[in-house]
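> So you can see what is in the structure, the chains are spelled out below.
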Amino acid sequence: MSTPETLDRELAALEDALAGRPVDPDLADLAELAVLVRDERPVPDPAFASSLDERAGAGFPRSAKRRMPAFSWPKITLPALGVAASVFLVVVIATSIPSGGGDGGDSASSGGGGSAATSLPESDSGSSGAGSSGSSRAQKRAAPSVAEDSAGSSAPSSVGPVPPEPPGPGNPNADGRDRRYVERSAQIVIATPPRDIDRAAAKIIKVADDLGGFVVASQVSSGSSGEFELRVPERRLQTALSRLSAVGKVRERTQASQDITGAVVSVAERLKDARTERRSLLRQLANATTVNQTASIRARLRIVSGQIGSAKRDLRNVKRRASYSTISVQLLADRRSASAPDDDDSSGWTPGDAWRDAGRILEVSAGVLMIAAALALPVGLVVLLVWLAMRQGTHRRRERALDAV
Amino acid sequence: MDAPVPRSTDVTSTLTLPLSAARSRQGLDFDALYRAARDDVYAYVATLLGDRSAAEDVTASAFERAYRKQRTYKAARGSERAWLFGIARNAALDELRRRKRSAALTTEPEADLAAPEDAADLAMRRAVVRSALADLPPRERELIALKFHAGLDNAELAAVLGVSVSNAGTLLHRAVTKLRKALDEHA
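Each protein sequence line maps, in turn, to chains A and B.
Last residue of the first sequence: 470 (our numbering), numbering continuous.
Last residue of the second sequence: 1470 (our numbering), numbering continuous.
Treat the hints as calculated values from the structure; they're not laboratory data.
Because the structure is a prediction, the values reported are computed rather than measured.
In this text, a Cβ means the ideal position worked out from N, Cα and C, and glycines have one as well.
Be aware that one or more of the hints could be misleading.
Said to hold, decoys possible - Just some of the chain A residues that point at chain B, by a computed CB distance under 8 angstroms: (1) Glu75; (2) Leu76; (3) Leu92; (4) Asp94; (5) Ala121; (6) Ala145; (7) Leu146; (8) Val330; (9) Asp338; (10) Ala339; (11) Arg340.
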């Protein structure tokens, strides 16, 4: 076993021998070995050397045999492929991005302007009492009166179709009621460009009119905001919400429902009791023999009649709560709620629109780049790992080929 | 001690065609590298493969690969010669894999036809060295080829083989010791 000093000394002697320098006498055999081994160096055939020189001088031209099947990418191919892939990605993402809260194409720009604050006409529903001035169209849509029903629990003909069963577990008919009354309400917040506030307000009112509903209250500040309280038939609540969602960008939308069957039954029972008492009083009045008896019964009849009238009003109101749904609409002005120009938009495409569009394009581009990076990162990582594995595999196969000799 | 024998003897051909297009942007002078290393690469490959015909193909293939990949050369990773011999080594090992040919030195012993009668002893010693070289394991024969036939220094040797310089020296010393022992036994 050679010591490190011996190893270094003998390696140095080899270097000296190969370089033609003298070596220590005790290492003369090593120097001779080095020269002998070097003399065994194979020398290329002159014809081969000449041929290789020629090929090297020509830049190692590829043979026709290799050139034919080899597919060479043009230099522009890679950048072109990259651009094409990017464009494809943009198109895919642009077509797959939802149009934002279901805003439809009618969220068009308008001339805007007008008064600073405009109170839209209100309609009188007869139930809320919120409105005072009449609305020409809303008044036509006044809520249909609820037919009186002595039983109270039977289905009134004017209430409309049976409302859906209330949510929640359990059997809704467990309390023995064959008909349930559900009060439904919704709130929706819509954003439109400031110039579209007035137009959006008109659309909201039109939704209520078209669906057989009415506007309970409304207030619009031109170019700023608006608030509406609509009442629409319960069976058209979803249609109304859908159409309202198309007015602008929906920022918030909530729905609520409450079972008011108990309230209906309670009022109906009160009405029934009062009617029963009135019939009893009428019979007593027929059998009364003295003036005092007659006066007492008549006084009692007046009270009961008042109770019957009150119960009828209460029953009508509580049933209307189920047959008509309340929609609270809040209209907000938002400059970012860019909308496509409407057909009748005469203001055209302004520099402000261009600025906003440019910003939007930059946002989308940044998003696309982020998505592309998110896609490319794992794919690139996998490709890198595969490449490293293949390289390592090739290295191992080469080394095995040397060992197998 | 024998007089030093110059490297690359018996070279009769010279490179006459310009290789201006071969100059790398990174400063790799392929022309100069080719001229300096052509015979060394051939010697290394021929020793490793033990087949002169295959060595010619592999040498040409190695230079062609190096020519195509010259832009990938990074000076920080090692010398030009180490880079070139790394390519040549891969080409030689690919040839071994492809042909599954035994790399036993089947040569073609260099016929010492020109050896005079008084040099019989020297010829005998050369034959012993040649035989011992052929009997070496391929990895040790490769070390000898890189060191004595290709003329690589230990740092280049280490770079080609992917080992440390000290490890390369140790491996080289081990191979030389085997040859030395074979020569001593014959003596």
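> Tell me, in ascending order, the numbers of any earlier hints that this structure violates.
Violated hints: 3, 6, 7, 8, 9, 10, 11; rest satisfied.
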